[in-house]
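Visitor: Below are the chains, spelled out letter by letter.
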Amino acid sequence: AQSVTQLDSQVPVFEEAPVELRCNYSSSVSVYLFWYVQYPNQGLQLLLKYLSGSTLVKGINGFEAEFNKSQTSFHLRKPSVHISDTAEYFCAVTDRDDKIIFGKGTRLHILP
Amino acid sequence: GAGVSQSPSNKVTEKGKDVELRCDPISGHTALYWYRQSLGQGLEFLIYFQGNSAPDKSGLPSDRFSAERTGGSVSTLTIQRTQQEDSAVYLCASSLASSGGFNEQFFGPGTRLTVL
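Quick mapping for you: the protein sequence lines, in order, are chains Z and W.
Start counting the first sequence at 1; every next residue gets the next number (my numbering).
Start counting the second sequence at 1001; every next residue gets the next number (my numbering).
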């Protein structure tokens, strides 16, 4: 069975500082990995995805994530955050049966 | 074009009552999913419909929960004899048919259910 662990429920970071949101997964088969973002009072939208190929994936709004198979991780990074990045971020995994399993989410708080 | 829509946006009900939540997927999307988002629990998979196949109900938390999808389009999630722990945001998502690859799920705005 697949599972996703987001180690940090909340991450505070100063504006213009770098940020890393951690995600680890477990699966016995090849996986697809995703990060979704939920801005305040809005629905979820796809931030980026890893399907195959290059392990460094670039998404919208300057975010990127790196797939590390040996560490079963898919951490999300941004070199310089903005106040508009305040949101909840969800890591997710599927083993291609279309049922996506989500982590519990990480709330990113941008401090002025 | 129109995205996934859900109704009602908010629902307040009394413990023990039944509720129905509706999802209208994006036209042409054959896959439809229901999730539950509770504070501190993230997104919990409930049920998945794909075309005419039998739905994957493995995420439904109890037999009080059921879902239908009529005509391969609109879906209704029904919660019978609601309990306070059912209070959550219920999210619906849809995607194109899968052929072993990945099709992005598009999420609706959710229905916030409050059970008093």
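These are computed hints drawn from the structure, not numbers from a lab.
Hints should not be assumed to be uniformly reliable.
As the list claims (entries may be wrong) - The calculated DMTMM-like cross-link candidates involving lysine to aspartate or glutamate, where the alpha carbons are at most 20 Å apart (straight line), are:
1. 99/Z to 1056/W
2. 1057/W to 8/Z
3. 49/Z to 1014/W
4. 99/Z to 1018/W
5. 104/Z to 1068/W
6. 99/Z to 1085/W
7. 104/Z to 1044/W
8. 1011/W to 1085/W
9. 49/Z to 1085/W
As the list claims (entries may be wrong) - A few chain W positions that, by computed beta-carbon distances, are all more than 10 Å from chain Z:
10. 1010
11. 1012
12. 1013
13. 1019
14. 1065
15. 1068
16. 1078
17. 1093
18. 1104
19. 1105
20. 1108
21. 1109
22. 1114
23. 1115
Cβ coordinates follow ideal geometry from the N, Cα and C atoms, glycine included.
Visitor: Does residue 104/Z pair with residue 1068/W here, judged by a C-alpha cut-off of 20 Å?
Guide: Violated, at about 27 Å.
Visitor: Are the Cα atoms of residue 104/Z and residue 1044/W separated by 20 Å or less?
Guide: 9 Å, holds
Visitor: Please settle this one: residue 1105/W was flagged as non-interface, so is its CB more than 10 Å from every CB on chain Z?
Guide: Violated, since 6 Å does not exceed 10 Å.
Visitor: Please check whether the beta-carbon of residue 1012/W is more than 10 Å away from every beta-carbon in chain Z.
Guide: About 18 Å separates residue 1012/W from the closest Cβ of chain Z, which puts it past 10 Å; holds.
Visitor: Is it the case that residue 1108/W keeps its Cβ farther than 10 Å from each residue Cβ in chain Z?
Guide: 6 Å, violated
Visitor: Just double-check residue 1114/W for me: nearest Cβ-Cβ distance to chain Z has to come out over 10 Å.
Guide: 16 Å, holds
Visitor: Just double-check residue 1115/W for me: nearest Cβ-Cβ distance to chain Z has to come out over 10 Å.
Guide: It holds; residue 1115/W is separated from chain Z by about 21 Å at its closest Cβ, greater than 10 Å.
Visitor: Do the alpha carbons of residue 49/Z and residue 1085/W lie within 20 Å of each other, as the hint requires?
Guide: 33 Å, violated
Visitor: Holds or violated: residue 99/Z with residue 1056/W, Cα cutoff 20 Å?
Guide: Since the Cα atoms of residue 99/Z and residue 1056/W sit roughly 9 Å apart, the hinted pair holds (cutoff 20 Å).
Visitor: Is it correct that the beta-carbon of residue 1093/W has no partner in chain Z closer than or equal to 10 Å?
Guide: 8 Å, violated
Visitor: Take a quick look at residue 1109/W and tell me if its Cβ sits farther than 10 Å from every Cβ on chain Z, holds or violated.
Guide: 5 Å, violated
Visitor: Between residue 99/Z and residue 1085/W, is the straight-line Cα distance small enough, at 20 Å or below?
Guide: 24 Å, violated
The structure fails hints 2, 3, 4, 5, 6, 9, 17, 18, 19, 20, 21 (numbered hints given earlier, in ascending order).
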